[in-house]
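Student: Model the full structure from these sequences, guided by the hints.
The residues making up each chain are set out below.
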Amino acid sequence: MIRLADITIKQGDFELSGIELELSSGEYGVLMGRSGCGKTTLLEAICGLRKIDQGKIILGDRDVTNLPPAERGVGYVPQDRALFPTQPVREQLAFALVLRSLGQSEISRRVEELADLLGLGELLDRLPDKLSGGEAQRVALGRALAHKPSVLCLDEPLSALDEELHDEMCQLLEHVNGQTGVTVLHITHSPSEAKRLAGCHYHLVDGKVHHDV
Amino acid sequence: MNDKESGVFRVASDKPFLIGFGILGGSYLLIIVSMVLADLFFLNYVDQPVLGNEMVRQGRHIESGVIVPTEKGRSYFFRAGKNEIGLRQVDGSLLGTGLFTADSSEVVLISSEEGKPVTASLRPEVRLKNFAITNNVATLTTDEPHGLLWGEFISVSSSDVVGWDGIREITETTTDQLSFKLDEGASLAGSLRLSKPNPLVQALRSRDIRFSIKLSLISCTLTTLFSLWVAVPIGYVMSRFQFRGKAVIDTLLDIPIVLPPLVVGLSLLILFRYMPDWLSDAVVYKWPAVVLAQFMVACAFAVRTMRVTFDQIPQRFEQVALTLGCNRNKAFWRVIMPQAKGGLLAAGTLAWARALGEFGPILVFAGATRQKTEVLPTSAFLELQAGRTEGMLAVSLIMIAAAVVVFIVARTLGMKRIFA
Chain Z
30 MIRLADITIK QGDFELSGIE LELSSGEYGV LMGRSGCGKT TLLEAICGLR KIDQGKIILG
90 DRDVTNLPPA ERGVGYVPQD RALFPTQPVR EQLAFALVLR SLGQSEISRR VEELADLLGL
150 GELLDRLPDK LSGGEAQRVA LGRALAHKPS VLCLDEPLSA LDEELHDEMC QLLEHVNGQT
210 GVTVLHITHS PSEAKRLAGC HYHLVDGKVH HDV
Chain Y
7 MNDKESGVFR VASDKPFLIG FGILGGSYLL IIVSMVLADL FFLNYVDQPV LGNEMVRQGR
67 HIESGVIVPT EKGRSYFFRA GKNEIGLRQV DGSLLGTGLF TADSSEVVLI SSEEGKPVTA
127 SLRPEVRLKN FAITNNVATL TTDEPHGLLW GEFISVSSSD VVGWDGIREI TETTTDQLSF
187 KLDEGASLAG SLRLSKPNPL VQALRSRDIR FSIKLSLISC TLTTLFSLWV AVPIGYVMSR
247 FQFRGKAVID TLLDIPIVLP PLVVGLSLLI LFRYMPDWLS DAVVYKWPAV VLAQFMVACA
307 FAVRTMRVTF DQIPQRFEQV ALTLGCNRNK AFWRVIMPQA KGGLLAAGTL AWARALGEFG
367 PILVFAGATR QKTEVLPTSA FLELQAGRTE GMLAVSLIMI AAAVVVFIVA RTLGMKRIFA
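Chains as they are written, first to last, in the working numbering: chain Z, 30 to 242; chain Y, 7 to 426.
Hints listed in this document are in silico derivations from the structure and should not be mistaken for laboratory results.
Given the structure is predicted, the values throughout are model-derived calculations rather than measurements.
Hints may contain errors.
Unchecked claim - Straight line, CA to CA, 27 Å or less: simulated DSS-like cross-link-like pairs of lysine-lysine:
hint, chain 1, residue 1, chain 2, residue 2
1, Y, Lys336, Z, Lys80
2, Y, Lys347, Y, Lys252
3, Z, Lys80, Z, Lys39
4, Y, Lys292, Y, Lys220
5, Z, Lys85, Z, Lys39
6, Z, Lys80, Y, Lys252
7, Y, Lys347, Z, Lys159
8, Y, Lys187, Y, Lys135
9, Y, Lys252, Z, Lys39
10, Z, Lys177, Y, Lys336
11, Y, Lys187, Y, Lys220
12, Y, Lys122, Y, Lys135
Tutor: Set out below in structure tokens:
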């Protein structure tokens, strides 16, 4: 689960304050808002990449407010995906596992599993610059899921894909959510995209989060 | 009805713009290429004859032609000056510059215009009068002053005996005598030919220049390693972190780039007056001073390059790595450095090339002692001071070659990374 309690983030003139948000375990949350309203900032705060001035962040059953990003158990897919340009897909998927010093066989088993889940079987030995937009998105997703995080943060995962891929990707995201039971927070600026996705909808307007019922 | 009235919009041709840019850029490229080519062409790659004293007297050209007495059957080297076309003897005439054999007791200079000063040069090729061997050292006596100095090299060839052929270092000279060591068991030679090896061979054989090549290669490599070692952390911190006083540090880092190089050397020299004796004794006017002087300037360039490199790598990569389980250290080594390889190579090449060319600070801070603190630019300077333009050019060529090799290696490694 994700619970944000009374979060305040100040950054120059920009301010988010009194943010409250709650998603229960395994839920698919969609956070909407216009470009520049602070969605990404909030997502970065959850991942521990941005300092918050006040409030509490609870992921799963832990208060992670003061933990470094590595210990929060989140999977993060940024808008530009940020696949490591020097590593083939296999290494990207194994990245988090190698850091956790898992055995070689354990790692390859998990990589196969992810490749199956996301349909990456053919791509394992490719470098990121040889991937299409949709493929890159799936790899980024796989990399973020490798260490079995309790929370998956997606920053506009569909915005760089063409219209035809939208549906396919939406289904995949819901499939991943259902299969792994990961709590997902998906942010988007597009109301039509939000409409297509099931789950719990939030709106970020003027520095406040509203729950759409 | 003209175009304006008809409403057709026309745009001027792109040609003047492109041609203009082409000419500006092209002329710079042309200068670069011709500069290097001039060096390559100026240098004489063939062995030169050993020549005696100048025989043309100072004076002006007269109507009947200036006469220079010669010895029949002897070889002479003639170089026409700006007021001569060539020379004439019984057999015919020689235009321009070259070696010839005199066929009578005089030659006449052909002037381009009467009344102009004589600028030509005519020198006899030195002949051997006799030679002796003691303890494998040959002592040759020449019939004319040979003008060779101690430590220079001479190319000896003989058709009929062993142990003489090769390039020999001159161990002793007087005006008309010179000595050099022979191979074990050399016998008295029947006929010998002497010539001066070309400047490149002279330079590569010279002990001083060999030392300076070695010192240059070692010091530049050390400088490059130190520079990268310092430039990577500074470049990373300056690229990723915001802190108070960053602008000041940024300016400080540029000081070695904008400061006149000589001043860098002078400042180092003064700084080491305040250092403990053991430290300044170990550094000043010794080889560590060479490395330090090179480092001070080269490192600033490496820092610039590394900073730009890190600036071009988005922070997102580290952020993702952090969420995947890295701390900053691991994120840096696993995600950022592999991407910074090209920049690292560029910074290293730049630092190496800068260090190779560094001269002013080294002269001030390390001195120009032969076989001690002499690096290639110092050699070029010392050669020039000794009036040996050819020697200086030879040293320049060695530097060009070293720089080209390093660039090719860096480029190839860089390419490999891209095409891997």
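Student: Decide, hint by hint, whether the structure agrees.
Tutor: These are the hints, each one checked on the structure:
no.: 1; hint: Lys336/Y - Lys80/Z; verdict: holds, 21 Å
no.: 2; hint: Lys347/Y - Lys252/Y; verdict: holds, 26 Å
no.: 3; hint: Lys80/Z - Lys39/Z; verdict: holds, 9 Å
no.: 4; hint: Lys292/Y - Lys220/Y; verdict: holds, 15 Å
no.: 5; hint: Lys85/Z - Lys39/Z; verdict: holds, 15 Å
no.: 6; hint: Lys80/Z - Lys252/Y; verdict: holds, 21 Å
no.: 7; hint: Lys347/Y - Lys159/Z; verdict: holds, 20 Å
no.: 8; hint: Lys187/Y - Lys135/Y; verdict: holds, 19 Å
no.: 9; hint: Lys252/Y - Lys39/Z; verdict: holds, 22 Å
no.: 10; hint: Lys177/Z - Lys336/Y; verdict: holds, 20 Å
no.: 11; hint: Lys187/Y - Lys220/Y; verdict: holds, 25 Å
no.: 12; hint: Lys122/Y - Lys135/Y; verdict: violated, 38 Å
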